[in-house]
Amino acid sequence: QQKVQQSPESLIVPEGGMASLNCTSSDRNVDYFWWYRQHSGKSPKMLMSIFSNGEKEEGRFTVHLNKASLHTSLHIRDSQPSDSALYLCAARGSALGRLHFGAGTQLIVIP
Amino acid sequence: GGIITQTPKFLIGQEGQKLTLKCQQNFNHDTMYWYRQDSGKGLRLIYYSITENDLQKGDLSEGYDASREKKSSFSLTVTSAQKNEMAVFLCASSRDRGEQYFGPGTRLTVL
Chain A
153 QQKVQQSPES LIVPEGGMAS LNCTSSDRNV DYFWWYRQHS GKSPKMLMSI FSNGEKEEGR
213 FTVHLNKASL HTSLHIRDSQ PSDSALYLCA ARGSALGRLH FGAGTQLIVI P
Chain B
175 GGIITQTPKF LIGQEGQKLT LKCQQNFNHD TMYWYRQDSG KGLRLIYYSI TENDLQKGDL
235 SEGYDASREK KSSFSLTVTS AQKNEMAVFL CASSRDRGEQ YFGPGTRLTV L
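Chains A and B supply the protein sequences, listed in that same order. Residue numbers for the first sequence follow our numbering, so the first one is 153 and each next one is one higher. Residue numbers for the second sequence follow our numbering, so the first one is 175 and each next one is one higher.
This is chain A alone, in the form it adopts within the complex:
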């Protein structure tokens, strides 16, 4: 079973709309989450990270973390067609050196 579950698998939002992506870990030792964005044909790039309870905002992007439920979410407001990409959630847990990645959410923003 995947240690990191992401939902939904795919998401279509209109330009200017809000996109909400979810990620939950089953590893109780997780202490850090990252969100990566991967445009088609490119390699993943880190978008945001969070390790404290609460929320963190950077421009149009907001990430939330609930450490008790090991759940993080990424919200993109005023979505743009250039936000269309695969969004990967990664969690740092107990194993030295490695992250666990989820299967990703494919976001499509329709002009």
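A couple of the hints might just be wrong.
[Unchecked claim] Result set (DMTMM-like, lysine to aspartate or glutamate): computed pairs, CA atoms no more than 20 angstroms apart in a straight line:
no.	chain 1	residue 1	chain 2	residue 2
1	A	K197	B	E273
2	A	K219	A	D179
3	B	K231	A	D179
4	B	K183	B	D212
5	A	K155	B	D212
6	B	K215	A	E161
7	A	K194	B	E273
8	A	K197	B	D212
[Said to hold, decoys possible] Derived contacts from chain A toward chain B, CB cut-off under 7 angstroms, selection only:
no.	residue
9	S195
10	A220
11	L222
12	R250
13	F253
14	A255
15	G256
[As the list claims (entries may be wrong)] Partner residues aside, some chain B positions facing chain A, computed with beta carbon under 8 angstroms:
no.	residue
16	G216
17	L219
18	Y238
19	Q274
The set of hints was computed from the structure by calculation and includes no laboratory data. Ideal placement from N, C-alpha and C gives every residue a C-beta, glycine not left out.
Here the structure of chain A is known, so what remains is to put chain B in place on it, guided by the hints.
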């Protein structure tokens, strides 16, 4: 800043062939990773290395070998290429267990 280079960019092999992919980083990071990504899917960890001459198996190590000859380089060998296999192999590096930086990928096609 730094950069990760992967060679070759494209690799076409024959069924049963042994194929080697190479990765170099100049971040001076201790930890390096090899991931496999099938089209539109998430990342699956093949091998990682937390220091020179160290090797740790990931979730998908069967059918692959790896070698960390020096701190800046990490090689991956497909021991016997499978017919019709198509995937992108991504190399990454990180300092301690922090943010991972990815290379541009090697695209493998097996005829």
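Taking the hints in turn, this is what the structure says about them:
no., hint, verdict
1, A:K197 / B:E273, "10 angstroms, holds"
2, A:K219 / A:D179, "11 angstroms, holds"
3, B:K231 / A:D179, "19 angstroms, holds"
4, B:K183 / B:D212, "16 angstroms, holds"
5, A:K155 / B:D212, "19 angstroms, holds"
6, B:K215 / A:E161, "10 angstroms, holds"
7, A:K194 / B:E273, "18 angstroms, holds"
8, A:K197 / B:D212, "17 angstroms, holds"
9, S195, "4 angstroms, holds"
10, A220, "22 angstroms, violated"
11, L222, "17 angstroms, violated"
12, R250, "6 angstroms, holds"
13, F253, "4 angstroms, holds"
14, A255, "4 angstroms, holds"
15, G256, "5 angstroms, holds"
16, G216, "4 angstroms, holds"
17, L219, "6 angstroms, holds"
18, Y238, "16 angstroms, violated"
19, Q274, "7 angstroms, holds"
Of the numbered hints listed earlier, those contradicted by the structure are 10, 11 and 18.
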